[in-house]
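Asker: Below are the chains, spelled out letter by letter.
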Amino acid sequence: MVRLRIGYPEDPDYGERLQEFEARIARGEKIEPGDWMPAEYRRQLVRMISQHAHSEWVGMLPEGAWIPRAPSLRRKLILLAKVQDEAGHGQYLYHAAETLGVTREEMVAALLEGRAKYSNIFNYPTLTWADVGIIGWLVDGMAIKNQTMLAQCSYGPYSRAMVRICAEETFHHKQGKEAVLLYAKGSPKQRRMVQDALNRWWWPTLMMAGPHDSDSPHTPLLLRWGIKTKTNDQIRQEFLNEHVPELLEAGLVPPDPQLRYDEKTGNWVHGPIPWDEFWKVISGEGPMNRHRLEARRKAHEEGRWVREALEAYGRRQLAQAAD
Amino acid sequence: MNLDPYLKEALLARLTALADDEVVLAQRLSEWVGHAPILEEDIAIANLAQDELGHAKMWLELRGELDGSDPDRLVFLRDPLEYQNAVLVELPKGDWAFTMVRQYLFDAYEEMWLKEAQKSAYAPLAEAAARAHREERFHLKHSALWVERLAQGTEESHRRAQEALETLFPYARQLFQPLPGEEALVEAGLVPEPKALEGAYLEAVGGFLRRVGLRPPEGGYVPKSRQEHTEYLWSLLAEMQSVARWDPEAKAW
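Chains as they are written, first to last, in our numbering: chain A, 601 to 923; chain D, 11 to 263.
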């Protein structure tokens, strides 16, 4: 593993080094694992990248539940490939976080013990097959807005992971949209199912971009250090401007009576977001929080003997090679 | 190639059996996705399920060329009693040892069958077998390595692998039972001879298992035809077909 060079505000040369560091970021240079970085930069990145990795790992559950029920060979193959990609994204991201001197085991332990967060969106249940389409189109659509921004991130390993992830997410988005548009023009039951899914996922999707800028204390520092290059409200606006016209065109109606187009700014403007619910869900009081963590813990516990066997086998192979 | 009606009927039955094994096994594999013991195996098992399902699609498309049937209708709207899969693949997923021992037993069979089937006098079958065989070699490597690691890992993993083998081994032998009318297919050089493959299989698989320290059991119940199933098939298919059957008016999914 690369030796980390971390600066603390009490270090004698901190001010000088911080200036160099910020100048590099301002020039658009990437910060790489062995480079000097402020402790707070590292802490924010570990928090964000590990949360992101956990989101992929937990995010396999709501969609994975529908692999066995996918209604055609093509949809089943697509969904398998998509959930497989999510596992792959989790893997790149855990590796990206490892470059900051934290192990996958530590990150997994933090998740399973309830000390780490993952994207709030996965604390909602997938009730019908249409949810899979809506998640692909809207939830992944919002994720892509965020991830395209993170591909510009100042930390090299995170930025490069994002470039790969975005390429695959584009396919997730496309397949979701294609399914939703098909069902929106389908049988009466299909149309009802897809509108119902939109009703349930709309607000949680808008909340995915995070609190309003005025309630997001980390944002200014994250912007200055190039960890983020856009604010939460900017991301949300980009999402709305792309997706609202397409939803309306398909005959689907977002469940927001105040949603309107603003001629002056060219933006779609949403009504009040139910933030009380957001804060409740994020603090553990959502419909699926317990179930998601329990599923992760159960897989972890049931896999323990397998991981022990792998290690024992590995040790034996090494010992034999040494003989 | 012009097939007489008798050969065509027998070939349809073989293609259906091949596809049904893959569909049902893919269903059991997909139950693991998101719940594997390590993240890398979530990736691997999703990949296996895609490959098996891809093979099923390929066999059903060959069937469709012969009788005009629609692969999706066959998979998602056919009754459980018409499924022709072997019992081996329908048993519940069990623990990781059960899943990997089953996968090994199936992969070793499929790899051999596909290798021989590349010589089929029916060109579409020979070509399909060649395509699938490339993937199946990787599957076999993956599952054989898991069986070895579990057999030689800890006492617990060895015990679990041996227990899985006791349950599963007799069912693997069902894979080699000829289907009704299959002698004629073999005679015409269209498909491999199941009983000849069985001898080679028992030798290769038995040898590997003993080398890694497992004991293939003697005896055990071997289902006599592909009409035989366990109580597990109905609920597996009920879940798999639930969305497709939910809306009879839906024209497309």
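Source of the hints: derived by calculation from the structure; they are not laboratory data.
Accuracy of the hints is not assured; some may be wrong.
The list that follows gives simulated cross-link-like pairs (lysine-lysine, PhoX-like), each with its CA atoms no further than 20 Å apart [to be verified]:
no.: 1; chain 1: D; residue 1: Lys261; chain 2: D; residue 2: Lys205
no.: 2; chain 1: A; residue 1: Lys785; chain 2: D; residue 2: Lys125
no.: 3; chain 1: A; residue 1: Lys898; chain 2: D; residue 2: Lys103
no.: 4; chain 1: D; residue 1: Lys129; chain 2: D; residue 2: Lys18
no.: 5; chain 1: D; residue 1: Lys129; chain 2: D; residue 2: Lys103
no.: 6; chain 1: A; residue 1: Lys785; chain 2: A; residue 2: Lys774
no.: 7; chain 1: D; residue 1: Lys205; chain 2: A; residue 2: Lys789
no.: 8; chain 1: A; residue 1: Lys864; chain 2: A; residue 2: Lys717
no.: 9; chain 1: D; residue 1: Lys125; chain 2: D; residue 2: Lys205
Just so you know, these numbers come straight off a predicted model, no measurement behind them.
Asker: State for each hint whether it applies.
Answerer: We went through each hint and held it up to the structure:
The hinted pair formed by Lys261 (chain D) and Lys205 (chain D) fails the criterion: a straight-line CA distance of about 43 Å is larger than 20 Å. For the proposed pair Lys785 (chain A) and Lys125 (chain D), the alpha carbon gap of about 45 Å is over 20 Å, so the pair is violated. Among the hinted pairs, Lys898 (chain A) with Lys103 (chain D) is consistent with the structure: their alpha-carbon atoms are about 16 Å apart, no more than 20 Å. Distance check on the hinted pair: Lys129 (chain D) and Lys18 (chain D) sit about 18 Å apart at the alpha-carbon level, within 20 Å; holds.
At most 20 Å may separate the alpha-carbon atoms for a hinted pair to count; Lys129 (chain D) and Lys103 (chain D) exceed this at roughly 34 Å. The hinted pair formed by Lys785 (chain A) and Lys774 (chain A) meets the criterion: a straight-line CA distance of about 17 Å does not exceed 20 Å. With a C-alpha separation of about 50 Å, the suggested pair Lys205 (chain D) and Lys789 (chain A) falls outside the 20 Å cut-off, and the hint is violated. For the suggested pair Lys864 (chain A) and Lys717 (chain A), the alpha carbons sit about 38 Å apart, so the restraint of at most 20 Å is broken.
Under the criterion of a C-alpha separation no larger than 20 Å, the hint pairing Lys125 (chain D) with Lys205 (chain D) is consistent with the structure, at around 15 Å.
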